[in-house]
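Residue numbers (our numbering), protein chains in the order written: chain S, 75 to 531; chain X, 75 to 531.
Hints are not guaranteed to be accurate.
Said to hold, decoys possible - With a straight-line cut-off of 25 Å between C-alpha atoms, the simulated SDA-like cross-links for lysine to any residue are:
| hint | chain 1 | residue 1 | chain 2 | residue 2 |
| --- | --- | --- | --- | --- |
| 1 | S | Lys380 | X | Gln273 |
| 2 | X | Lys380 | S | Arg488 |
| 3 | X | Lys524 | X | Cys450 |
| 4 | S | Lys283 | X | Gln273 |
| 5 | S | Lys444 | S | Leu515 |
| 6 | X | Lys432 | X | Glu417 |
Said to hold, decoys possible - Estimated spans, in silico, between C-beta atoms of each pair:
| hint | chain 1 | residue 1 | chain 2 | residue 2 | range |
| --- | --- | --- | --- | --- | --- |
| 7 | X | Thr297 | S | Ser300 | 32 to 38 Å |
| 8 | X | Val85 | S | Thr110 | 34 to 40 Å |
| 9 | X | Leu290 | S | Pro344 | 44 to 50 Å |
| 10 | S | Lys319 | X | Ala478 | 51 to 57 Å |
| 11 | X | Ala520 | S | Lys280 | 22 to 28 Å |
| 12 | S | Asp203 | X | Ala520 | 28 to 34 Å |
| 13 | S | Gly204 | X | Thr297 | 30 to 36 Å |
| 14 | S | Thr110 | X | Lys421 | 39 to 45 Å |
| 15 | X | Ala121 | S | Lys319 | 46 to 52 Å |
| 16 | X | Glu117 | S | Gln379 | 37 to 43 Å |
| 17 | S | Gly204 | X | Pro255 | 42 to 48 Å |
| 18 | S | Thr110 | X | Ile101 | 15 to 21 Å |
| 19 | X | Thr297 | S | Ser326 | 43 to 49 Å |
It is worth saying that the hints were derived from the structure and are not from the lab. C-beta: ideal position from N, C-alpha, C; glycine also.
Protein chains: 2
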Amino acid sequence: MAKIHGWKWVVGLASSILLNLFLILNIYLRRSTELTWTREAAEQAEAVAAFSCSGHGHAFLDGLAAEGKPACECNSCYGGSHCSEFSPDCPADVNSGDPLFLEPFWMEHAMSSAVMLAGWHRMSYRMDDGSTISTELTKHIFQLHAMVGNAVTKGRFIIFGAGSTQLLHAAVHALSQQGSPWPSRVVATIPFYPIYEFQTDLFNSKDFKFQGDTSLWKNASSTNSSMNIIEFVTSPNNPDGRLTKPVLKGPSVKTIHDHAYYWPHFTAIPAPADEDVMIFTISKITGHAGSRFGWALIKDEAVYQKILTYLGLNTIGVSHDTQLRALKLLKVVLKGGGREIFEFGQKTMKSRWERLNKILSASRRFSIQKLEYHNCSYFQKVTEASPAYAWLKCEREEDLDCTAVLRAAGIIGREGTLYHAESRYVRLSLIKGEDDVDLLLQKMDALVSKEEGAQNM
Amino acid sequence: MAKIHGWKWVVGLASSILLNLFLILNIYLRRSTELTWTREAAEQAEAVAAFSCSGHGHAFLDGLAAEGKPACECNSCYGGSHCSEFSPDCPADVNSGDPLFLEPFWMEHAMSSAVMLAGWHRMSYRMDDGSTISTELTKHIFQLHAMVGNAVTKGRFIIFGAGSTQLLHAAVHALSQQGSPWPSRVVATIPFYPIYEFQTDLFNSKDFKFQGDTSLWKNASSTNSSMNIIEFVTSPNNPDGRLTKPVLKGPSVKTIHDHAYYWPHFTAIPAPADEDVMIFTISKITGHAGSRFGWALIKDEAVYQKILTYLGLNTIGVSHDTQLRALKLLKVVLKGGGREIFEFGQKTMKSRWERLNKILSASRRFSIQKLEYHNCSYFQKVTEASPAYAWLKCEREEDLDCTAVLRAAGIIGREGTLYHAESRYVRLSLIKGEDDVDLLLQKMDALVSKEEGAQNM
Numbered sequence: 075m076a077k078i079h080g081w082k083w084v085v086g087l088a089s090s091i092l093l094n095l096f097l098i099l100n101i102y103l104r105r106s107t108e109l110t111w112t113r114e115a116a117e118q119a120e121a122v123a124a125f126s127c128s129g130h131g132h133a134f135l136d137g138l139a140a141e142g143k144p145a146c147e148c149n150s151c152y153g154g155s156h157c158s159e160f161s162p163d164c165p166a167d168v169n170s171g172d173p174l175f176l177e178p179f180w181m182e183h184a185m186s187s188a189v190m191l192a193g194w195h196r197m198s199y200r201m202d203d204g205s206t207i208s209t210e211l212t213k214h215i216f217q218l219h220a221m222v223g224n225a226v227t228k229g230r231f232i233i234f235g236a237g238s239t240q241l242l243h244a245a246v247h248a249l250s251q252q253g254s255p256w257p258s259r260v261v262a263t264i265p266f267y268p269i270y271e272f273q274t275d276l277f278n279s280k281d282f283k284f285q286g287d288t289s290l291w292k293n294a295s296s297t298n299s300s301m302n303i304i305e306f307v308t309s310p311n312n313p314d315g316r317l318t319k320p321v322l323k324g325p326s327v328k329t330i331h332d333h334a335y336y337w338p339h340f341t342a343i344p345a346p347a348d349e350d351v352m353i354f355t356i357s358k359i360t361g362h363a364g365s366r367f368g369w370a371l372i373k374d375e376a377v378y379q380k381i382l383t384y385l386g387l388n389t390i391g392v393s394h395d396t397q398l399r400a401l402k403l404l405k406v407v408l409k410g411g412g413r414e415i416f417e418f419g420q421k422t423m424k425s426r427w428e429r430l431n432k433i434l435s436a437s438r439r440f441s442i443q444k445l446e447y448h449n450c451s452y453f454q455k456v457t458e459a460s461p462a463y464a465w466l467k468c469e470r471e472e473d474l475d476c477t478a479v480l481r482a483a484g485i486i487g488r489e490g491t492l493y494h495a496e497s498r499y500v501r502l503s504l505i506k507g508e509d510d511v512d513l514l515l516q517k518m519d520a521l522v523s524k525e526e527g528a529q530n531m
Numbered sequence: 075m076a077k078i079h080g081w082k083w084v085v086g087l088a089s090s091i092l093l094n095l096f097l098i099l100n101i102y103l104r105r106s107t108e109l110t111w112t113r114e115a116a117e118q119a120e121a122v123a124a125f126s127c128s129g130h131g132h133a134f135l136d137g138l139a140a141e142g143k144p145a146c147e148c149n150s151c152y153g154g155s156h157c158s159e160f161s162p163d164c165p166a167d168v169n170s171g172d173p174l175f176l177e178p179f180w181m182e183h184a185m186s187s188a189v190m191l192a193g194w195h196r197m198s199y200r201m202d203d204g205s206t207i208s209t210e211l212t213k214h215i216f217q218l219h220a221m222v223g224n225a226v227t228k229g230r231f232i233i234f235g236a237g238s239t240q241l242l243h244a245a246v247h248a249l250s251q252q253g254s255p256w257p258s259r260v261v262a263t264i265p266f267y268p269i270y271e272f273q274t275d276l277f278n279s280k281d282f283k284f285q286g287d288t289s290l291w292k293n294a295s296s297t298n299s300s301m302n303i304i305e306f307v308t309s310p311n312n313p314d315g316r317l318t319k320p321v322l323k324g325p326s327v328k329t330i331h332d333h334a335y336y337w338p339h340f341t342a343i344p345a346p347a348d349e350d351v352m353i354f355t356i357s358k359i360t361g362h363a364g365s366r367f368g369w370a371l372i373k374d375e376a377v378y379q380k381i382l383t384y385l386g387l388n389t390i391g392v393s394h395d396t397q398l399r400a401l402k403l404l405k406v407v408l409k410g411g412g413r414e415i416f417e418f419g420q421k422t423m424k425s426r427w428e429r430l431n432k433i434l435s436a437s438r439r440f441s442i443q444k445l446e447y448h449n450c451s452y453f454q455k456v457t458e459a460s461p462a463y464a465w466l467k468c469e470r471e472e473d474l475d476c477t478a479v480l481r482a483a484g485i486i487g488r489e490g491t492l493y494h495a496e497s498r499y500v501r502l503s504l505i506k507g508e509d510d511v512d513l514l515l516q517k518m519d520a521l522v523s524k525e526e527g528a529q530n531m
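Full structure from sequences and hints, please.
Here it is in structure tokens:
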């Protein structure tokens, strides 16, 4: 081989060696932040999340997988291995209060909302302080109420439940007069959330009895001081979204304030709620209905202690796994003063409500509730209506069974009679996923178009 | 610059370039499997897990952290920022049934037991099939029973609850005669788990009433066919670890079989349980008491439907987060036929039992229950006793309050009177963490050594 000019080689080799060193350093630094025991679980989660369900379904880690592969679980009316097949004759199912309108928000905030659960995470029944509730989570819930301005937490005890569902009945138990010869009367104002009645009946206790609508007890409660009454006040109300106040007053009237929907997604927040028993659920804030997590804010220590005993004997507190997840989710909610999630939620709900209103404005056959505008202290302006549910009425005399009328048009709503209202009322859920609500609006549009005398818009 | 022999340079440069190509490829391949949205959560979990608590505590992701740093939560009797400070005068707290003996197992199986929860994981109330329970998890639970041979699952309905606690009462509710003028009598055999009585009393239902020990009803139940009785049968029994059978027989006797401890950790498994209502909890299998997850196997469809209604109105099912975690944990349990976890559990429990027996063999003042040996179909041999609890008796006439006697010696047990036994009985938990049990054995050894006439071993 011929002799060559060395300097070119020296420069070349030196550069190459420098590049070698750089790359080695790069790999070394990378390895030092390499994940160990969490890597496999993280990879599994990413693989499942990357599986395409065409925007009309999801693959979940615990989904049914053939040969260990992820499998799509499709939204209603979609099918096929990737949820790409739409069934045109499929009805719009807007029966349940499944809060899936927030699912896209969490997919967009995948990184900040992910949680890694270690195998040994909080195996004990109890937290470090002997309670079953997480101090950090409590702190974040108090911050959330302060930020949104929807509840006074000062001087309140907090207690966690498996959704507000468990807490509603725990509160009835705690407020009833135990051992009294007269069971406490549990009441609510029509139209009301049916679970209040179903739960009270289910437990068939000697201490309380469901006694229907508040109107029946209006006079009795204020004059008969020995008549122990427990009134459920749902504000905003389920099904009709109205902000409500207690109807009954009197020395022996106790009130359970169900504030599941008292969040900027669904209503203006005129002022912080400042009641003795207030119940909230993560289901209608972050949309995590499946996590079964709610809380109650309680003023009176004796009532708090009774609820604590109830929950201790009913379920020994709330899953620690869910408490960890709720904490992570609330951290995302709290970011930037909550603007991101509440603006997303309110915008989504308002747009759905407007689209439905627009369709129904052409109809004489169907009407939905009118909602007042209120000043929202959170958004610092008067906000338009954005309720969780439409409370639809069939106006024609012959349309007595409104649920059946809608059903024939491919819309599955929830019977008004469940809420003790007339059968010409139906609740339509506007908080479900985009696919269900889109289909509802399509079917409703078609139904209204067929109306004789429908106004052309 | 001098001319040099080219071939050495060519080889050097070529090698260096090859190395560069290799390193670049390495980095490229690594990047293609790089984690994206899960990385942050995985790193957070690893950082917290790496925080040293000297083997006498844990840092948890939702622990109290100053300035965002992990913080140790120390086992009883340990303190300091890294749980390295032992308080010598601290009592041994063996009161609760916290199953922390399995914590080391999960720390050793960190990789296979970790779970990554995506922010949008199963937000709906319901699974794909409309139920609230995971099909995959059900499948794995059936596999677990088949593998261990402790329960017949064929022809059974399964239902999940927030721990067995919720299911125990749901079963009472479902088995009671609703609307009967005579409330069902709920009974158990002394000594029995106090929750049965506390729950039945708490709900104060018109449909059932706690009526104490089975012995009171032995004759009545077999002769009076209209007397509806619900008997709790705990096998192995809590507190004394004995395998038990129903005491009452008769046309109107229904039985709830609480099999929380019917696992190879705590007892031989002579044969699969084949009863109408069988209740299990993950708490005593994997040790995850804080996850609140249990299940019931139910033969009769009507009873199953009643429990389903109860759970639907009580909590609307069980946290989906916990169901995902339980699935991951059971996959680890099932690996290699369950040998790893059940051998670890049984070995740990047996060794604790032997150590306590050895100490007490020198005592005339204290005795603990004798347990029969049984053939274990799972281990395919006669296994020695390894109960979850010691059921200790103070033998001296003057030691009427045995709890106080132990308390004075720095041992916190659970009063026998809670189990409707005499006050000279105390339950000592052997399933707690190593630190608590070590301390118990030390304190017990010291107490026995002080006995007059204690035999020197």
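Status of the hints after comparison with the structure:
1. Lys380/S to Gln273/X: It holds: about 13 Å lies between the C-alpha atoms, which stays within 25 Å.
2. Lys380/X to Arg488/S: holds (23 Å)
3. Lys524/X to Cys450/X: violated (39 Å)
4. Lys283/S to Gln273/X: holds (19 Å)
5. Lys444/S to Leu515/S: Holds: lysine 444/S and leucine 515/S sit about 18 Å apart, inside 25 Å.
6. Lys432/X to Glu417/X: holds (22 Å)
7. Thr297/X to Ser300/S: 32 to 38 Å: With a Cβ separation near 44 Å, threonine 297/X and serine 300/S fall outside 32 to 38 Å, so the hint is violated.
8. Val85/X to Thr110/S: 34 to 40 Å: holds (39 Å)
9. Leu290/X to Pro344/S: 44 to 50 Å: Check failed, 59 Å falls outside 44 to 50 Å.
10. Lys319/S to Ala478/X: 51 to 57 Å: holds (54 Å)
11. Ala520/X to Lys280/S: 22 to 28 Å: violated (50 Å)
12. Asp203/S to Ala520/X: 28 to 34 Å: Given a distance of about 30 Å, which is inside 28 to 34 Å, the answer is holds.
13. Gly204/S to Thr297/X: 30 to 36 Å: violated (48 Å)
14. Thr110/S to Lys421/X: 39 to 45 Å: violated (27 Å)
15. Ala121/X to Lys319/S: 46 to 52 Å: Since the Cβ atoms of alanine 121/X and lysine 319/S sit about 49 Å apart, the hinted range of 46 to 52 Å holds.
16. Glu117/X to Gln379/S: 37 to 43 Å: Check passed, 41 Å falls within 37 to 43 Å.
17. Gly204/S to Pro255/X: 42 to 48 Å: holds (43 Å)
18. Thr110/S to Ile101/X: 15 to 21 Å: Since the Cβ atoms of threonine 110/S and isoleucine 101/X sit about 20 Å apart, the hinted range of 15 to 21 Å holds.
19. Thr297/X to Ser326/S: 43 to 49 Å: holds (46 Å)
In this structure, the earlier hints numbered 3, 7, 9, 11, 13, 14 are contradicted, and the remaining ones agree with it.
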